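Protein chains in written order, with our numbering: chain A, 1 to 305; chain B, 1 to 285.
Treat each hint with caution, since some may be false.
[What the hints assert, rightly or not] The calculated lysine-lysine pairs, modelled on BS3-like cross-linking and capped at a C-alpha distance of 27 Å, are:
1) Lys279(B) to Lys202(A)
2) Lys126(B) to Lys100(A)
3) Lys149(B) to Lys166(B)
4) Lys149(B) to Lys102(A)
5) Lys102(A) to Lys166(B)
6) Lys248(B) to Lys207(B)
7) Lys10(A) to Lys132(B)
8) Lys100(A) to Lys10(A)
9) Lys100(A) to Lys72(B)
10) Lys72(B) to Lys10(A)
11) Lys202(A) to Lys149(B)
12) Lys279(B) to Lys233(B)
13) Lys207(B) to Lys233(B)
14) Lys207(B) to Lys166(B)
15) Lys102(A) to Lys248(B)
16) Lys166(B) to Lys126(B)
17) Lys281(B) to Lys248(B)
18) Lys72(B) to Lys102(A)
19) Lys233(B) to Lys281(B)
20) Lys10(A) to Lys126(B)
21) Lys281(B) to Lys207(B)
Read the hints as simulated data drawn from the structure, not as lab findings.
Just so we're clear, the structure is a prediction, and the values are computed from it rather than from any experiment.
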Amino acid sequence: MIGHLTALLKREIWEHRSIYVTPVAIASIVTLGTLAALMFAGGFAKELDLAIFGATNLAGDAERKVVLTGFFIGTSWLFLFAAGVLTIFYTLDSLYAERKDKSILFWRSLPITDAEAVLAKLATALLVIPLATIVAVIATHIVNLIVTSLWVSAKGGDAGLLIWGSVPLLDNWLAGLIVMLATALWMSPFVGWFLFVSAYTKRSPLLMAFMPLVLIPLVEVIFLRSSMFAEAVFGRGGVIPLFRGMDLESFFDEDKLRVNEEFVSLLAQLDVMKFLTSVSLWTGVIVCGIFVTAAIYVRRYRDES
Amino acid sequence: MTSLVNARGVSKHFGAVRAVDNVSFEIEEGRILGLIGPNGAGKTTLLKAVLGLTDCDGDLSVLGLDPFRQRKELMRNICFIADVAVLPRWIRVTQLLDFVEAIHPNFSRKRAEVFLQQTSVRSDAKVRELSKGMVTQLHLSIIMAIDAKLLVLDEPTLGLDILFRKEFYSNLLNDYFDEQRTILITTHQVEEIENLLTDIMFINDGKILLDATMDALADQYVEVMSSGEAATKARGLGPIAENEMFGKSVFIFEGVSRENLSGLGELRTPSVADLFVAKVKGARK
Chain A
1 MIGHLTALLK
11 REIWEHRSIY
21 VTPVAIASIV
31 TLGTLAALMF
41 AGGFAKELDL
51 AIFGATNLAG
61 DAERKVVLTG
71 FFIGTSWLFL
81 FAAGVLTIFY
91 TLDSLYAERK
101 DKSILFWRSL
111 PITDAEAVLA
121 KLATALLVIP
131 LATIVAVIAT
141 HIVNLIVTSL
151 WVSAKGGDAG
161 LLIWGSVPLL
171 DNWLAGLIVM
181 LATALWMSPF
191 VGWFLFVSAY
201 TKRSPLLMAF
211 MPLVLIPLVE
221 VIFLRSSMFA
231 EAVFGRGGVI
241 PLFRGMDLES
251 FFDEDKLRVN
261 EEFVSLLAQL
271 DVMKFLTSVS
281 LWTGVIVCGI
291 FVTAAIYVRR
301 YRDES
Chain B
1 MTSLVNARGV
11 SKHFGAVRAV
21 DNVSFEIEEG
31 RILGLIGPNG
41 AGKTTLLKAV
51 LGLTDCDGDL
61 SVLGLDPFRQ
71 RKELMRNICF
81 IADVAVLPRW
91 IRVTQLLDFV
101 EAIHPNFSRK
111 RAEVFLQQTS
121 VRSDAKVREL
131 SKGMVTQLHL
141 SIIMAIDAKL
151 LVLDEPTLGL
161 DILFRKEFYS
171 NLLNDYFDEQ
181 RTILITTHQV
191 EEIENLLTDI
201 MFINDGKILL
211 DATMDALADQ
221 YVEVMSSGEA
231 ATKARGLGPI
241 AENEMFGKSV
251 FIFEGVSREN
261 LSGLGELRTP
271 SVADLFVAKV
281 KGARK
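Bound-form chain A, shown alone (with noise of 0.2 Å):
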């Protein structure tokens, strides 16, 4: 079962290599972007030996934390936005495309039902990308660290002190893993409707996925004089139940870091326990189950030729 499960995943690979080429990708334009950015202050050198200094004497261990910390988020929403573009082609294609070369008719010749099939499709957007973009991101940040350490080191500053030293890199990594597969859980509705779309539809399955989303809050709007579907579908772009309240302001706020050195833990930042008992979380896993138990049903039943 275990080695079933596995092959159907590397299957999914294989076939989708976006899968690992954008986190790639991303991590490329990421450290590229480090680079240059290294490069283009190496022309202001009385200022950079004030700021190494600076940082050096002057500032606390807090306001180093929050700096790299605050690196370390800039660059993984980037990983975030790009797995959840990727996420959406990949869902979209998956049960597509099988049937449009074909190639449904041989996957079906072997000993996988259906579901299993469909479930390695659903474990792949909501486990492995999430998963392989997290890994992504933490080799980007190594990456950087090392660049960005050797670089001060070159100016005479102290690399263990003012990189090593100030990055809380497991606190950094294991708030990024578990905002990964929460926001993949969190958006599983629209993976469930990807998924059916994909199953169902004869044609542009983009298209397919996205026009009800966009007709069904303007009927209601017009008929109904609504917007419940809008604010229940587009409200789950917005927040998260997962973090604490947090606002940016008071994150990179000097006089609070100063008092309260557990803001620059990002882990303190998360309420898992929040996030696992939201009502809106759980409706939204359901909902996936309906769309994801459909996508099966279509698959099995429908005639292909």
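Use these hints to put chain B onto chain A, whose structure you have.
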């Protein structure tokens, strides 16, 4: 003899159209059955029902299983190649072998690799880089490396040139088939397979017109080529078909003994193709 496939009153409707109409038959172990029928006769629908790809009415059991409800179990012991080579175009040959090896309990990678070595399919190639003939060779190499009880081939050689077609069937017979294996084939190119079949079944408009062993076929059907008075006599014996060829009349008789026909002309066993045409035309009358 154990029967692998047992169909009793199997039907499949698409709206008002009866693609398969109350069909009953059995396929026994160790046979090679050709399922012959014109386009739209219900062949593919019937195969799909046997393979558990589509639901149907009536009693259908394959290897003692309900194909639609127990497809996964069934696929451990059944292999099939559908009418078009359907291997995914993006996959590499090695990936394909890896995947089937992980998924299929009865697959022998070694055997597949031995078969592949006899072809010009490179193991690092992607399916999209292979010719249609090579894709079929690849597919067949995988199928033959699976220790299955029943092999279903739906127009397996469609679109292939004559060399590939001949090779396909010779591989199938020499390297694959034995008493424990059973093969079910549909094809338009009847002439190519009639020598390898042990059993034959004609289907038209969703109904079975003929279900016989090839041996019985020779006993039951006789073709007579005659002219003049002999032809008139032959016509009087109620042939199921009559054609003109080289100025002579060619009759096909069903259930008329060879003794009764001797002296009317040259006696032969009709070809499957001619018999098929006779049966289908007869059914339309």
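Hint-by-hint comparison with the structure:
The suggested pairing of Lys279(B) with Lys202(A) is violated, with an alpha-carbon distance near 39 Å, which exceeds 27 Å. Note on Lys126(B) and Lys100(A): the hinted pairing holds, with a Cα-Cα distance of about 18 Å set against a maximum of 27 Å. For the suggested pair Lys149(B) and Lys166(B), the alpha carbons sit about 23 Å apart, so the restraint of at most 27 Å is met. Distance check on the hinted pair: Lys149(B) and Lys102(A) sit about 25 Å apart at the alpha-carbon level, within 27 Å; holds.
Distance check on the hinted pair: Lys102(A) and Lys166(B) sit about 25 Å apart at the alpha-carbon level, within 27 Å; holds. A hinted pair counts as satisfied when its Cα atoms are at most 27 Å apart, and Lys248(B) with Lys207(B) does not qualify at roughly 33 Å. At most 27 Å may separate the alpha-carbon atoms for a hinted pair to count; Lys10(A) and Lys132(B) meet this at roughly 26 Å. For a cut-off of 27 Å, the pair hint linking Lys100(A) to Lys10(A) stands: about 21 Å separates their Cα positions.
Restraint check: the Cα-Cα separation between Lys100(A) and Lys72(B) comes to about 23 Å, which is no more than 27 Å; the hinted pair holds. Restraint check for Lys72(B) and Lys10(A): the C-alpha separation of about 20 Å stays at or below 27 Å, so the hint holds. The suggested pairing of Lys202(A) with Lys149(B) is violated, with an alpha-carbon distance near 35 Å, which exceeds 27 Å. Between Lys279(B) and Lys233(B) the CA atoms are separated by roughly 22 Å; this keeps the pair inside 27 Å, and the hint holds.
Straight-line distance between C-alpha atoms of Lys207(B) and Lys233(B) comes to about 33 Å, which puts the hinted pair past the 27 Å bound. Distance check on the hinted pair: Lys207(B) and Lys166(B) sit about 30 Å apart at the alpha-carbon level, beyond 27 Å; violated. Using a Cα cut-off of 27 Å, the hinted pair Lys102(A) and Lys248(B) is violated, with the two alpha carbons roughly 48 Å apart. Restraint check for Lys166(B) and Lys126(B): the C-alpha separation of about 25 Å stays at or below 27 Å, so the hint holds.
Proposed proximity of Lys281(B) and Lys248(B) is supported: the alpha carbons are some 20 Å apart, at most 27 Å. Restraint check for Lys72(B) and Lys102(A): satisfied, since their Cα atoms lie roughly 19 Å apart, inside the 27 Å limit. Our distance criterion of 27 Å between C-alpha atoms is met by Lys233(B) and Lys281(B), whose separation comes to about 22 Å. Pair hint Lys10(A) plus Lys126(B) holds up; C-alpha atoms about 16 Å apart against a cutoff of 27 Å.
The hinted pair formed by Lys281(B) and Lys207(B) meets the criterion: a straight-line CA distance of about 14 Å does not exceed 27 Å.
Going down the numbered hints, you'll see the structure goes against 1, 6, 11, 13, 14, 15, while the others check out.
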